[in-house]
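Protein chains in written order, with our numbering: chain C, 1 to 244; chain S, 1 to 393; chain G, 1 to 314; chain R, 1 to 287.
There may be inaccurate statements among the hints.
Claimed, not checked - Some chain G residues close to chain C (C-beta under 10 Å, calculated; not the full set):
hint: 1; residue: N82
hint: 2; residue: P148
hint: 3; residue: A188
hint: 4; residue: D192
hint: 5; residue: L194
hint: 6; residue: A196
hint: 7; residue: S197
hint: 8; residue: I204
hint: 9; residue: G255
hint: 10; residue: T269
Don't read these hints as lab results, they were simulated from the structure. Idealized CB from N, CA, C, for every residue including glycine.
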Amino acid sequence: MGALIEGKGLTKSFGGLTALKGVDFHLDEGEIIGLIGPNGAGKTTLFNLVSGVFHPDSGKLYFNSKNITILKPFEICRLGIARTFQIVRPFLKMSCFENTLVGIIGRNDKNGGKEERKDEVRTLLKFVGLGNREQTLAKDLTLIEKKRLEMARALATKPKVLLLDEVLAGLNPSEILQALELIEVIRTQLKMTVFWIEHVMGAIMKASDRIIVLDQGEKIKEGKAEEIVSDLKVIEAYLGESDA
Amino acid sequence: MKRLMVLVTVMTVLAMGSWAWAADTIKIGVVGPRTGPAAATGKAFEEGIAIALDHLNAKGGVLGKQVEVVFEDTGGVPEKAASALEKLATRDKVPIVVGESHSSSALAEIEVANRYKIPLIICEAWHDDITKKNYKWVFRAGPVNSGVVDFYIAPFVKDNRFKKVAIVRENSDWGVGIAEKTETDLKNFGIPFITLKVERESKDFYTELTKIKGENPDIILAYIYGTGLHFFVAQAHEVGLSPKCLILDGAGPPSLWDTFWKNVGKAGELELFMSSMHEKVHLTPTSRKFWDDYKKKYGKDPTDYKTRSIYNVVLIAADAINRAKSTDNEPIVAALEKTNLEVTTGIVKFGLKQGTYEYHQWMPPMLVVQWQGQKQVVVYPKEAATGALKKVK
Amino acid sequence: MGNKQQAGTAKKVGIPALFIILAILPPFFLSQYWLHVMIISLFYVMMASSWNLIAGFTGQVSFAHAAFSGIGAYASGMVAVNLGVPPWLGILIGTGVAALLGLGLGYLCIRMGGIYLSLTTLGFSEILRIIITNEDKWTRGTMGLQVPGFFSEYSKANYYYLFLVVTIFLLIVIYWIVHSEMGLTFRAVLNDELAASSSGINTIRVRILAFTISSAMAGLAGGLYGHYLMLITPDIPSLGQMFLVLAMAVIGGMGSFIGPIVGSFVLETLSEYIRIYGEYHVLLFGLVALAMARFAPEGLMGIVGKKWRKEWVH
Amino acid sequence: MNEFLMYLTNGIVIGVINAISAIGVSLIVGIMRVVNFAHGELYIFAGYFSYHLSASLGVPPLLAMPLSIFFIFLIGIGMERTLIRPTYGDEMYSLIITFVLSIVLQNAALLIFGPYPNKPPNLVSGATNIFGLYHYGNQRLLSFFISIGILLFIFYLIKRTWFGKSIRAVSQDREMSSLVGVDHLRVNMLSFGLGAALAGAAGVIVAPIFPVTPTGSSAISLNAFVVVVLGGMGSLKGCVIGGLALGIIENLGAAYLSTMYRNIFGFVILILVLVFRPWGLFGQKAQ
């Protein structure tokens, strides 16, 4: 039984800039894995590779041992990897209901009648706390609500893996707690694997089973939260950033 | 909901606004290109119409009423032409329509005329089928391809002993029709020829001219209408084809437009063109009167002979209404069939024998004119010639 | 809630029904000439609404819409003239040919994104124009192909009803698409292509689908138009025609169901009134469309009022 | 053989003029991601300007040419300020705006200049016998040399001057360039003006050979687009090679395959390029 997602030697550059250099990583089923690193470390690029937005210059990606290196985003999504975006991208001129429904359509399964799908959308919106926003246009939501809506849309595709890109940014401490509970519920109740990028250190340390640290496109450390916190290289990477 | 109702009401009112004018004038419909690549013809038509109206209304109009013209633009495009005729028939409800100078447009118009049973006199669209279709409502008082080729172009080529002909034709009904007819006649005379297709709005003829040069003809029959002809003539000179090989503009007017000399420069010397009008050739008193009145009104000599063609057909239409004593279609057609009217180019009588293009057809005499020192010299037919054909050895 | 919904349904059924009843009346009181204007307007409604389906609902600017109507017209006209196929069958063939070519063209250029689609469709229009003008043996080029009409006895009223029925049919299909899950994916792609793709939507397939459907509709409209005019010329697939369709959609309001319908009637009627100024009506429409696109991108429908529009679109 | 050389010469002369016109489009696409559908109209306007300046107002033709190009440059800047600037980032919006603009300008040209083709006076007349092989119009030869001069000037401008460097910076990376202090609104405006001026340059060079007509504008735009796609969007060298390729292919195709299909050869190649090398023959494949 191999890893759920496995990346080998992933390299990606843009113009003259190398964003990722030979990164290896894996996700096991049911894990919550944090991805951290200073700005420009290549975190979002890694997400973009996994979700098929970009294809690596070299290296391979496997999902359930299937090679997904050059699949398109929608194919990857249909296999069971869903994501949210660092800079939120809900469908602005569509209602919350419609936004979520797109995720269900994206599954491309013919299961369920119209009414069942409607119920599913409502359940999902309630789950992320937007139960009373069904008919609101996405552009009229607050930033936090938009993030929740993206989460609902991603969940609607019934993924096995959920990639979350800085969902906690801008939340106050009690909201962060709520969000962490939500992530835990996603793992335990919905049986999903969560791969997330976060800048809120306390939260990611607390909630992740394992953490991967990137710096300047390279993986510099991987391990449990305690090991990461005490690692010199990681601290340097972050200090280096604050210097700059 | 209220806005919706307002919208519906406005649309209904707009749609119902019919164009009922008090009918105290007789309206003659005119179709022709006022826009597009042959808009110069529209201008020529306007001048001819103005003189015709002056002459008619000075004599008390038609059926005691003043004559007025509704000139619908065809843009030189068949689709617009059909729709223009349809508008004249259904919106303006004119008793008769005259005009047109594009065969393709005319072929579209005769179908509409036939559908609405409205008399139509074509003046400058040459395709045989326009009258060959033998529609009861369609007349033509102007040149027809077969006539132009049989009586003028082919004999001109033969009589002047040209050895090899290049036919260059545009992609239009007129171009296709007149080129085919020319090919038939040249075959009968045993004169060798080649035929090339060109695009009417083309501006670069180097490729075609190089091909022609390879065949070494001594005359080019250029069936190109519009300014394309100017560039053809100018570039033929550049590649060294003319003036050794002469060029005959098979339509005529483009060689007379103001822009001709500007566009061709000295390449225009010795160019030939078809015409039905010349300063020194006056076949009837009406022709003289037209020439004088044109000069008086516009302060210059008339150039485009289509000015006179439209003048003629307006007169023919007015004459028919007068004799029919009615603006109904049947009496007008009956009167037209009995037309015996002097116009600028002769005495109009329409053919009545069905089965050929000569049905409802009357063709004015034509001339082959050559530019010699920027002066027009009639070189064919012999009886009308004002000078000899010049060739370069 | 239930009552409100019922009232909403009644409105949604009642207003179109009222319109349809009103639409039956014109042949009883309009002159032949204004009936002609109405028929042409209906043609433009079909064109502008189907163009709106791709441009307004998936954000792809195709300049080949007039070209596809030309394909429908020529395909139908040529089988009628050469093989004696009745126009009824001919327009279906024309629609099919337009759909196939739309599929092919869409497949070729849609995966490369917006600019390429616009350039390729523009090039396609030009290729079509050159072929039609040059293959005059088949198409009769600029001379125009004369084709039979639908009815043995020429009647404006008959044509009006024919156009009315087909227009209503197309509008129902468009309305249904826009409000179906397919329509939702169209709008998702329009809103954010990357997000749609990452949510499992095959954006390329959605775009090609929309492009094909819309091209087929243009083919149908073109076929009808050709057999109404009984004369098919390269003017039907021209860029000038394309501009009129685009202007109608832009001025009426892109991305709204009603916008292109209103735009078509307003512009066609207006062009009859200002026809005395010859070609300048195109210039005028251009200026209005430019001002609209710049200052009121939602068109007349955006100006008329959002509340009213919402009832219809959502 | 002589004929072949003649067709080839014609192809090269027209190819160089194609290149100038196409660089105008390419510059704007590369920097702003805006396709200027009104490109052909600017070309036509320049042709008419030079005609009216020299034929009606008596300005010497050699002065009328740069003057017309300068007017078009100003018009380009005006267009960018009023219509194009609000569309940055919204591709669909800019496509619609420039398409409508092209129709407006075309009809304005019809209104102002009339439907007839007009040509400014030739700078030189007659024809030269090239190596005793074939005759070639002197005006065409002169236009060829002027075009080469303009091409060299553009290359100098873009490769060697500060303005050119800012243009290249912006077209490569908008964010980076603003970090290093390039005012990209200003660069956008100037390069739109330059793109327009290049359309104008092609227009004034061509006008004495192929007189301009308002209705001829869309063919000119399409021609430039074909070259740009052939050469790869935003590539200068690509424009030159693409322009020459198109000129030669069209002329040889017209000579040996079909004169009537002269203008279709370019499109056929365009479609082939789109299928097999969508990033162009010389452009770089990008994500």
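Evaluated hints:
At a threshold of 10 Å, the smallest CB-CB gap from N82/G to chain C is about 44 Å, leaving the interface hint violated. Checking P148/G against chain C: minimum C-beta separation of about 45 Å lies over 10 Å; hint violated. Among the interface hints, the one on A188/G holds; its C-beta lies about 5 Å from the nearest C-beta in chain C, closer than the 10 Å criterion. Because the closest C-beta pair between D192/G and chain C is about 5 Å apart, less than 10 Å, the hint holds.
The restraint placing L194/G at the interface with chain C holds, with a minimum CB-CB distance near 7 Å, inside the 10 Å limit. A cut of 10 Å between beta carbons decides the hint on A196/G: the least distance to chain C is about 7 Å, and the hint holds. Contact between S197/G and chain C, as hinted, is supported at the beta carbon level, the nearest pair being about 4 Å apart and thus within 10 Å. Because the smallest distance between the Cβ of I204/G and any Cβ of chain C comes to about 8 Å, under 10 Å, the interface hint for this residue holds.
The restraint placing G255/G at the interface with chain C holds, with a minimum CB-CB distance near 9 Å, inside the 10 Å limit. Interface restraint check for T269/G: the shortest CB-CB distance to chain C comes to about 31 Å, outside 10 Å, so the restraint is violated.
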